[in-house]
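Taking the hints into account, I'd like the entire structure generated from these sequences.
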Amino acid sequence: DTAVSQTPKYLVTQMGNDKSIKCEQNLGHDTMYWYKQDSKKFLKIMFSYNNKELIINETVPNRFSPKSPDKAHLNLHINSLELGDSAVYFCASSHSSRLDTQYFGPGTRLTVL
Amino acid sequence: GQNIDQPTEMTATEGAIVQINCTYQTSGFNGLFWYQQHAGEAPTFLSYNVLDGLEEKGRFSSFLSRSKGYSYLLLKELQMKDSASYLCAVLTDSWGKFQFGAGTQVVVTP
Numbered sequence: 001d002t003a004v005s006q007t008p009k010y011l012v013t014q015m016g017n018d019k020s021i022k023c024e025q026n027l028g029h030d031t032m033y034w035y036k037q038d039s040k041k042f043l044k045i046m047f048s049y050n051n052k053e054l055i056i057n058e059t060v061p062n063r064f065s066p067k068s069p070d071k072a073h074l075n076l077h078i079n080s081l082e083l084g085d086s087a088v089y090f091c092a093s094s095h096s097s098r099l100d101t102q103y104f105g106p107g108t109r110l111t112v113l
Numbered sequence: 114g115q116n117i118d119q120p121t122e123m124t125a126t127e128g129a130i131v132q133i134n135c136t137y138q139t140s141g142f143n144g145l146f147w148y149q150q151h152a153g154e155a156p157t158f159l160s161y162n163v164l165d166g167l168e169e170k171g172r173f174s175s176f177l178s179r180s181k182g183y184s185y186l187l188l189k190e191l192q193m194k195d196s197a198s199y200l201c202a203v204l205t206d207s208w209g210k211f212q213f214g215a216g217t218q219v220v221v222t223p
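So the sequence lines, in the order shown, correspond to chains A and B.
Start counting the first sequence at 1; every next residue gets the next number (our numbering).
Start counting the second sequence at 114; every next residue gets the next number (our numbering).
Quick caveat, the hints were computed from the structure, so don't treat them as lab data.
Misleading hints may appear alongside valid ones.
The calculated lysine to aspartate or glutamate pairs, modelled on EDC-like cross-linking and capped at a C-alpha distance of 16 Å, are [stated by the list, open to error]:
#, chain 1, residue 1, chain 2, residue 2
1, A, K41, A, D85
2, B, K189, B, E169
3, A, K44, B, D206
4, A, K36, B, E154
5, A, K44, B, D118
6, A, K52, A, E24
7, B, K194, B, E154
8, A, K41, B, E122
9, A, K40, B, E122
10, A, K67, A, D30
11, A, K40, B, D118
12, B, K170, B, E190
13, A, K9, B, E154
14, A, K19, A, D85
15, A, K41, B, E154
16, A, K41, B, D118
17, B, K210, A, E58
18, B, K181, B, D165
19, B, K210, A, E53
20, A, K22, A, D70
21, A, K71, A, D30
22, B, K210, A, D30
23, A, K52, A, D70
24, B, K194, B, E127
25, A, K36, A, E82
26, B, K189, B, E127
27, A, K71, A, E53
28, A, K67, A, D18
29, A, K67, A, E24
30, A, K71, A, E24
31, B, K210, A, D100
Computed Cβ-Cβ distance ranges for the label pairs, DEER-style [stated by the list, open to error]:
#, chain 1, residue 1, chain 2, residue 2, range
32, A, G16, B, Q132, 45 to 51 Å
33, A, K52, B, F158, 20 to 26 Å
34, B, P223, A, T59, 41 to 47 Å
35, A, S39, B, T136, 20 to 26 Å
Fair warning: this is a prediction, and the values are worked out from it, not measured in the lab.
Using N, Cα and C, we set each Cβ at its ideal position, and we do this for glycine too.
Okay, structure coming up:
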């Protein structure tokens with residue numbers, strides 16, 4: 001009965017590959033987010049979807065493409081992986097985008113070799 | 114630019130009190146949140162402030178002064194399990210966009 005789940009938990013891949021990370025929440029929340037946490041531990045927002053619509057799109061390379069098939073899922077696809085993409089990626093969700101606590105998934109540690 | 118500053122590390126003994134300060138300069142402000150993150154785990158929500166003043170939740174309290182761009186998280190009766198990184202985060206708009214600080218690593222010693 002995990003609230004926000006992500007798969008895979010660990011992902012090791014070669015430069016140039018394309019990979020996806022999946023996120024699902026069973027909290028009935030309307031809004032979902034993707035964050036990147038780099039080696040310096042800064043947590044930076046990348047994208048946010050509210051009811052399957054993109055509402056936050058920070059300055060990230062267009063190699064990153066989020067997809068929300070329904071409001072319980074927000075997947076992240078990354079093309080042509082680069083060394084600098086190595087980080088922990090967290091998915092989160094909240095009831096709405098306004099002043100609501102965000103609940104984080106367990107994170108996906110991506111290592112690009 | 115946007116800045117959120119908090120100390121890198123603090124050490125305290127079990128049973129003591131620790132205060133983690135956070136100063137912020139952001140383009141927008143819709144609230145200040147504190148999250149706890151244990152190593153290798155996801156951040157978990159602790160507390161938030163929208164208006165000036167003190168919010169108390171058990172052993173944890175958070176204070177906000179919007180005019181000074183300042184907040185602190187107070188951890189009382191420290192326990193070993195409180196050893197973690199504490200993240201200060203400002204909600205900068207009404208769409209859920211958080212700006213996070215780099216986190217303060219709290220080390221609790223016996």
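Going down the list of hints, with the structure as the test:
no. : hint                         : in the structure
1   : A:K41 <-> A:D85              : holds, 14 Å
2   : B:K189 <-> B:E169            : holds, 11 Å
3   : A:K44 <-> B:D206             : holds, 15 Å
4   : A:K36 <-> B:E154             : holds, 14 Å
5   : A:K44 <-> B:D118             : holds, 15 Å
6   : A:K52 <-> A:E24              : holds, 13 Å
7   : B:K194 <-> B:E154            : holds, 13 Å
8   : A:K41 <-> B:E122             : holds, 13 Å
9   : A:K40 <-> B:E122             : holds, 13 Å
10  : A:K67 <-> A:D30              : holds, 15 Å
11  : A:K40 <-> B:D118             : holds, 14 Å
12  : B:K170 <-> B:E190            : holds, 13 Å
13  : A:K9 <-> B:E154              : holds, 11 Å
14  : A:K19 <-> A:D85              : holds, 11 Å
15  : A:K41 <-> B:E154             : holds, 12 Å
16  : A:K41 <-> B:D118             : holds, 13 Å
17  : B:K210 <-> A:E58             : holds, 9 Å
18  : B:K181 <-> B:D165            : holds, 10 Å
19  : B:K210 <-> A:E53             : holds, 15 Å
20  : A:K22 <-> A:D70              : holds, 12 Å
21  : A:K71 <-> A:D30              : holds, 6 Å
22  : B:K210 <-> A:D30             : holds, 15 Å
23  : A:K52 <-> A:D70              : holds, 6 Å
24  : B:K194 <-> B:E127            : holds, 10 Å
25  : A:K36 <-> A:E82              : holds, 14 Å
26  : B:K189 <-> B:E127            : holds, 10 Å
27  : A:K71 <-> A:E53              : holds, 9 Å
28  : A:K67 <-> A:D18              : holds, 15 Å
29  : A:K67 <-> A:E24              : holds, 12 Å
30  : A:K71 <-> A:E24              : holds, 9 Å
31  : B:K210 <-> A:D100            : holds, 11 Å
32  : A:G16 <-> B:Q132: 45 to 51 Å : holds, 48 Å
33  : A:K52 <-> B:F158: 20 to 26 Å : holds, 24 Å
34  : B:P223 <-> A:T59: 41 to 47 Å : holds, 45 Å
35  : A:S39 <-> B:T136: 20 to 26 Å : holds, 24 Å
In terms of the numbered hints stated before, the structure departs from none.
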